[in-house]
Amino acid sequence: MRIKLAGGAALGVAAMLVLSSCGSGGSGTAGDQKASEGGAVTLKMVAADYGDGPGKPNSGETFWKGVVDEFQAANPNIKVDVQVINWNDIDKQVATMVQNGQAPDILQTGDYSGFVKDGLLYKVDEVLSPNVSGDMLQKFAEFGKVDGAAYGIPFVSSARALFYNKDLFAKAGVAEPPKTWDELKAAAEKLKKAGVSQPFGLPLGQEEAQGESFLWMLGNGGGYKDASGKWAINSPQNVETFTYLKGLVDAGLTTPNPGTKDRKTVWEDFGAGKVGMVNGGPMSIPIFDAAGLKDKYGVAPIPGKSGPLDTTLGVMDWIMAFNKNGHAAEIKKFFDFFYTGSAAQKISDTYKLLPVTTSGIQKLSGDEKLKPFLDALPNASFYPFQDPKWADVNPAIKQTIGGAVKEDPAKVLGELQKAADAS
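With my numbering, the residue at position 343 of the sequence shown is 566, and numbering never jumps.
In case anyone wonders, no lab produced these hints; they're calculated from the structure. The structure displayed is predicted, hence computed values, not measured ones. Just to be clear, a hint being listed does not mean it is correct.
As the list claims (entries may be wrong) - SDA-like cross-link-like pairs, simulated, lysine to any residue; straight-line CA separation at most 25 Å:
(1) K408 x Q460
(2) K629 x E491
(3) K389 x D370
(4) K556 x Q568
(5) K453 x E463
(6) K592 x T488
(7) K394 x A373
(8) K592 x F605
Taking the hints into account, I'd like the entire structure generated from these sequences.
Here it is in structure tokens:
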């Protein structure tokens, strides 16, 4: 469930970066948690890098140093040592720490559930004040529960919306972004006639085919499961959805060979002015802005079959607290500081990630580019990641669902249905 920025490349190139200025020593073992002077407590934190790597203005190292410096100024008896680890390595390195009896006090990464069964985590109500818990978006917070008890705290989130190139729309005579599939097809035809090589950017390659597909399924009342919780990959709604998409592809109204194109490539093409419309997230904005499209694109709700989606693909990462070192009170102070102070706002501003609290959404509501994401976020829809089968079904979707716009949609989705039922 981790959120990937920069077009799907795992974020950050930092190896293990210890912010030594943030604590007193930084060894992080259970035996040296109490600092020698003044009875201060040192919290060991491990965090995933959302930024550009060490030494860069937007690095995770820089972000967390700012947060920790501000926290320590307000709480001089609590020191925080932060290790920032890139997404490719964090799960493996944390597993090694836990195996060696050196679990951190705080971990921020893409999943928490694996630590619950071993009894390693504090419950959320032990390390987060009720007013902060009450401010969490409930649909997000619910996914932090195992057997009715909350262990994972939503950290940041992301969503999806439709980006469109204003200049290309004007050139093609398209007055406003489409709200329905019929309007999308009509707009794409006008864009093609005006010489746009990719009227609609459609990344169905292995990087995130499951996400692009899910958005289209939602637009027709479908999804990976039905209302009863049964796998429904080849439902009539989903077959109709991919039949529509195949029609767009066959008419030359999309990215050529969508099943071979990852979102990073398509987003880069949009930034280069080659794509008229594309689904993207807040993390797309820095890519498009850097390419020179800063004031040349708009953001709108994703079109559905009969009207704009009233939901979106919700994605979130997690923060959690390990109970080995017994620092619940100090961890609670840090968590409360993060969610009620400026830190959560800063991570949204810096990386264009979205908040997971009602108050956070309200603070960003004046940002016109983020508004479509924020409006859809409380009603977000999620992958069925709590189903153990998703770990097997997800890779199969990534590898083969792009074929549903090239071959017979019913056949491709039927094969995926068989894989889901058998896994």
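Evaluated hints:
1. K408 x Q460: The hint holds at about 18 Å.
2. K629 x E491: holds (23 Å)
3. K389 x D370: violated (48 Å)
4. K556 x Q568: Since the Cα atoms of K556 and Q568 sit roughly 18 Å apart, the hinted pair holds (cutoff 25 Å).
5. K453 x E463: holds (19 Å)
6. K592 x T488: Cα-Cα ~22 Å, so holds.
7. K394 x A373: Violated, at roughly 52 Å.
8. K592 x F605: holds (22 Å)
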